[in-house]
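Visitor: Chains as they are written, first to last, in our numbering: chain G, 5 to 86; chain C, 2 to 158.
Because the hints were derived from the structure by calculation, they are not lab data.
Keep in mind that the hints are not guaranteed to be accurate.
Unchecked claim - Restricting the straight-line Cα-Cα distance to at most 30 Å, the calculated cross-link-like pairs of lysine-lysine (DSBU-like) are: (1) 44(G) to 148(C); (2) 156(C) to 44(G); (3) 72(G) to 5(C); (4) 50(C) to 6(G); (5) 16(G) to 5(C); (6) 17(C) to 62(G); (7) 52(C) to 16(G); (8) 52(C) to 62(G); (9) 5(C) to 53(G); (10) 50(C) to 36(G); (11) 50(C) to 62(G); (12) 75(G) to 50(C); (13) 135(C) to 62(G).
Unchecked claim - If we take Cβ atoms under 10 Å as the criterion, some of the chain G residues that face chain C in the derived model are: (14) 7; (15) 11; (16) 12; (17) 18.
Heads up, the beta-carbon is just placed ideally off N, CA and C, and yes, glycines get one too.
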Amino acid sequence: MKILYFSWLREKIGVPFEELEVQSENVHDLIKELIRTDQKYALAFEDIKSIRVAVDQKLIRNLNESIKNVKEIAFFPPMTGG
Amino acid sequence: MNKKINNCFISVNIQKDDFDVNAEIQSIRSGKIIGGIINFIGVVRDSQKEKEELVSLELEHYPGMTEKAIMSICRDAQKRWEINFVRVIHRVGNLKTGDNIVLVITASAHRKESFKSAEFIMDFLKSRAPIWKKEHYKTHSTWVQSKEADELLLKDW
């Protein structure tokens, strides 16, 4: 699965994206799984309320949504376009 | 990314280069049913929150998703108002104070549809298009924080 990070999340994690084999079945568990692997994720995901998630390039609200057969997941702070 | 839905032509571009507002408007004028054209231009400004002058504004985005998200906002506008043309150009990369950031043009037979849809598109673009701004100053840099007021605005639509 391709996992992408943008803005200050990208800076905290240190890479714009990574390809990972993940066990988790939903976004919530995926975040926990990442946090278990390295301290940098714990720091990046510290304030979960300030993080937005896109699954296959669509914004999702419910972190319990299934990520089975999903190709890419992106994590980023609230958007500031325009 | 271009789409023609019912009687509405929607065109969305994300680019580093500047845009030519007159050329964009000229291409819409040729549509014979157009009675009113609205164009909004977002420009880089120095927020003057810091003691230093803004050196540059960096815009990062999520290639692929940005186009889709903006197209989806335009389609929502097209469903709500009878508009015949929507053009959105959003710039990314490093910009300077006074540079163009975003262009939104809407056109319709009557003015109200164009005014309303352009405002709707801008409101949603600010907090639903995956774009992030970083302000660079001489001695430091800071990510622009989203405003709660911008999010609240969306509830009014």
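Visitor: Need the list of violated hint numbers for this structure, in ascending order.
Guide: The structure breaks hints 2, 3, 4, 5, 8, 9, 10, 11, 12, 14 and 17; every other hint is satisfied.
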